[in-house]
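Participant: As a plain string of letters, each chain reads:
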Amino acid sequence: MKTVVRRLSGHLARGLAMIWVVTTLSFVIIRNIPGDPVRGQYEKLIEQGMSPDAAERATAALYGFLPKGSLWSQYVDYLNGLIHGNLGQSLSTPGTGVATIIGSAAKWTILPVLGGTLLSFLLGVTLGVYAAVKRSGKLGDALSISGSLLHGVPQYVIALLVVAVFSTLWPILPSGGPVDIMFTPGFNGPYIASLIQHATLPVLTYALASYGGWILAMKSSVATVLGDDFIMAAELRGMSRGILFRYIARNAILPLFTILALSLGMLFGGAIFIESIFNYPGLGLLLVNSIGARDYALMGGTFLVLTVAIVIANIAADLLYAVIDPRVRKGETA
Amino acid sequence: MTRTSAPGVRVDDLTVVYKTPAGELPALGGVSLSLAPGTITGIVGESGSGKSTLALSLLNAVQSPGRIKNGTVEIDGLGNIVELKGEDLRKARGRQVGYVFQAAQNSLNPLKTVGKQLLDLGRSHDFDDLPALLKDARSLLGRMGLDGGRVLDSYQHELSGGMRQRVGIMLALVLNAHLVVLDEPTTALDMITQAAILRIVREVHHERGLTTLIVTHDMGVAAEVTDSLAVMYGGRVVEHGPTTEVLGAPRHPYTKGLIRAIPRLSGDIDGATALPGRPPTLGTIPLQGCVFRERCPMRIAVCDTVDPVPVTRDARTVACHAVGRLATPVVPKEYA
Chain A
1 MKTVVRRLSG
11 HLARGLAMIW
21 VVTTLSFVII
31 RNIPGDPVRG
41 QYEKLIEQGM
51 SPDAAERATA
61 ALYGFLPKGS
71 LWSQYVDYLN
81 GLIHGNLGQS
91 LSTPGTGVAT
101 IIGSAAKWTI
111 LPVLGGTLLS
121 FLLGVTLGVY
131 AAVKRSGKLG
141 DALSISGSLL
151 HGVPQYVIAL
161 LVVAVFSTLW
171 PILPSGGPVD
181 IMFTPGFNGP
191 YIASLIQHAT
201 LPVLTYALAS
211 YGGWILAMKS
221 SVATVLGDDF
231 IMAAELRGMS
241 RGILFRYIAR
251 NAILPLFTIL
261 ALSLGMLFGG
271 AIFIESIFNY
281 PGLGLLLVNS
291 IGARDYALMG
301 GTFLVLTVAI
311 VIANIAADLL
321 YAVIDPRVRK
331 GETA
Chain B
1 MTRTSAPGVR
11 VDDLTVVYKT
21 PAGELPALGG
31 VSLSLAPGTI
41 TGIVGESGSG
51 KSTLALSLLN
61 AVQSPGRIKN
71 GTVEIDGLGN
81 IVELKGEDLR
91 KARGRQVGYV
101 FQAAQNSLNP
111 LKTVGKQLLD
121 LGRSHDFDDL
131 PALLKDARSL
141 LGRMGLDGGR
151 VLDSYQHELS
161 GGMRQRVGIM
171 LALVLNAHLV
181 VLDEPTTALD
191 MITQAAILRI
201 VREVHHERGL
211 TTLIVTHDMG
221 VAAEVTDSLA
231 VMYGGRVVEH
241 GPTTEVLGAP
251 RHPYTKGLIR
261 AIPRLSGDID
271 GATALPGRPP
281 TLGTIPLQGC
291 VFRERCPMRI
301 AVCDTVDPVP
311 VTRDARTVAC
321 HAVGRLATPV
331 VPKEYA
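For the protein sequence lines, the chains are A and B, in the order given. Letter 86 of the first sequence, counting from 1, is numbered 86 in the working numbering, and no numbers are missing. Letter 70 of the second sequence, counting from 1, is numbered 70 in the working numbering, and no numbers are missing.
Hints should not be assumed to be uniformly reliable.
[As the list claims (entries may be wrong)] Beta-carbon label-pair distances, calculated as ranges:
no.	chain 1	residue 1	chain 2	residue 2	range
1	B	Ala274	A	Asp318	31 to 37 angstroms
2	A	Leu262	B	Asp147	37 to 43 angstroms
3	A	Val4	B	Ala261	42 to 48 angstroms
4	A	Gly152	B	Leu89	40 to 46 angstroms
5	A	Ser136	B	Thr244	44 to 50 angstroms
6	B	Asp227	A	Asp318	50 to 56 angstroms
7	B	Ala188	A	Leu25	46 to 52 angstroms
8	B	Glu87	A	Leu139	23 to 29 angstroms
9	A	Ser148	B	Gly149	46 to 52 angstroms
10	A	Gly152	B	Ser64	29 to 35 angstroms
11	A	Arg327	B	Thr20	33 to 39 angstroms
12	B	Ala315	A	Leu139	51 to 57 angstroms
13	B	Ala188	A	Ala223	21 to 27 angstroms
14	B	Ala188	A	Phe245	26 to 32 angstroms
[What the hints assert, rightly or not] To give an idea of the interface, some chain A residues facing chain B are shown, with a C-beta separation under 8 angstroms as derived from the structure:
no.	residue
15	Lys107
16	Asp229
17	Phe230
18	Leu236
19	Arg237
20	Gly238
21	Met239
22	Ser240
23	Tyr247
24	Ala249
25	Arg250
26	Asp325
27	Pro326
Simulated from the structure, these hints should not be mistaken for lab results. Backbone N, C-alpha and C fix where the C-beta goes; we use that ideal spot for every residue, glycine too.
Use the sequences and the hints to build the structure in full.
Facilitator: Below, the structure written as structure tokens:
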């Protein structure tokens, strides 16, 4: 128990340091992108005939503040806000907190991407085992080829193909948007049915786009384990097929576990292309729009959420790894 | 169903071929060998002589791309294991024939404790009384000088090479198999651990009444534990007989060469003479004639065309034209 606490605190310290570094970098980079929304608004008002004073007052009222001071003092203010849990105010939708915007976008990203990732993981891992076991047969070849093919096709191409097939050629599913506006939001049948209908194609796209990677990774992992001495030993001791299969699967899935944890962290980055194509108001679309609008606070907030998610996913993967692999469990004391 | 006495084993005309780009090449070319019930038989030979292939054949477990092309392996109480398939074969492995791997090999699942793997083994062989199985395992491990309870709770990475090897022996014996095959059981172990393992093998063999086959390339190991010794070369058993006789008065020119190549603990290191030439590989085994003729000091004309048939005389089997022709073996000059 003591070692777990020590490990965890070490992880947390490292995680916080990592978050600070990423925050600082993204702060510096974002402030150096050409274009300044506040200045743009101020100049627009002057062009419309306002006096400079009035324009400044109007701009300040619109955004709730005016950027003053050096980059350094802005940075200190920003960090200070972060420590107090304040991500700042959005510039493109004045008067709304960044946290609120991210929160409402996150729900459109997390569930579909989580569903898609888990679906492709389960499918890819299961089929990967077959591809490895039957690697000299036709079925194995077919599975491997399907993996390489899907792995090689970019996400947005898959998204467009999926839309073409299921919305245009064979119109059974909606091609965009998160839900039909005709239903009242809430926990009622038609609304949920509409949600699921709209989520199907994005989820399918996520799953297809990542399935290839899983099947190829699992295939090579299983092939390696199959050549391990202990598998032959278990066979020569007359272990039953079921037990043998479990020995192979559990050993082969270990390296994939880290990749899964990381890709769950990446969830919070949203899927920029897929969300754009399906007009799905998730974090990816939010990030693209905030960059377009030079919304510093929103950009910084999205980056921060993504960073924190990946750091947490890393820590979780590391701790879970110790649970499933006894060799790691005692690795630090040995 | 399980035998309580040591089984005899008769390997007859066993041919094992490996599929290569150059066609199917023989790793074992018509091997015949009998293991008398209750004895320890050793197989010695250089790398690539077919020792391990022969050992695996006793479990009908020749690994792909190899296959048993011809011949039989009759085990008392089990029949011809070459003809066993599927579940029958799986259940014979472990239950009737125990197999111990090289010490250097990792023969345990790294993610499970020894005890859990033992339970897996018990369940695979339909053992109802698993607590009794654990108890047997603990006492076997205790018998080999280990703390059974602790070892059963350990993972592979927590055990030393010598401990793993003892666990391997325990797993081969715990289901009460009476035929045990040990493939290079002491390779990669230090001398003290090696001596301990060999002592254990000998003691357990006598206590349990086993028929044991030990594959080794170490003449010292063979001399120490075996009752009878088979010498392999190029996929053939070239000489087989009681260990003391084979080592004390070798008849086949290859056995003689092997023994002369052993360096002595005392005396001049140059007293050991290496065999000239190299052992054949799968691709260079001659397809006709004697496999040893290229390195043989006793080579005669017939060796080039006819593979010598093993001839048994006074419990000694030798496959050599030059030896077979002479009523009494004559020691050629260079070995005198």
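Participant: Now tell me, hint by hint, if it's right for this structure.
Facilitator: Each hint tested on the structure:
no.	hint	result
1	Ala274/B to Asp318/A: 31 to 37 angstroms	violated, 53 angstroms
2	Leu262/A to Asp147/B: 37 to 43 angstroms	holds, 41 angstroms
3	Val4/A to Ala261/B: 42 to 48 angstroms	violated, 57 angstroms
4	Gly152/A to Leu89/B: 40 to 46 angstroms	holds, 42 angstroms
5	Ser136/A to Thr244/B: 44 to 50 angstroms	holds, 49 angstroms
6	Asp227/B to Asp318/A: 50 to 56 angstroms	holds, 55 angstroms
7	Ala188/B to Leu25/A: 46 to 52 angstroms	holds, 51 angstroms
8	Glu87/B to Leu139/A: 23 to 29 angstroms	holds, 24 angstroms
9	Ser148/A to Gly149/B: 46 to 52 angstroms	holds, 50 angstroms
10	Gly152/A to Ser64/B: 29 to 35 angstroms	holds, 31 angstroms
11	Arg327/A to Thr20/B: 33 to 39 angstroms	holds, 37 angstroms
12	Ala315/B to Leu139/A: 51 to 57 angstroms	holds, 54 angstroms
13	Ala188/B to Ala223/A: 21 to 27 angstroms	holds, 26 angstroms
14	Ala188/B to Phe245/A: 26 to 32 angstroms	holds, 30 angstroms
15	Lys107	violated, 37 angstroms
16	Asp229	holds, 4 angstroms
17	Phe230	holds, 5 angstroms
18	Leu236	holds, 5 angstroms
19	Arg237	holds, 4 angstroms
20	Gly238	holds, 3 angstroms
21	Met239	holds, 5 angstroms
22	Ser240	holds, 4 angstroms
23	Tyr247	holds, 5 angstroms
24	Ala249	violated, 11 angstroms
25	Arg250	holds, 6 angstroms
26	Asp325	holds, 6 angstroms
27	Pro326	holds, 5 angstroms
Consistency with the previously given hints fails for numbers 1, 3, 15, 24, ordered from lowest to highest.
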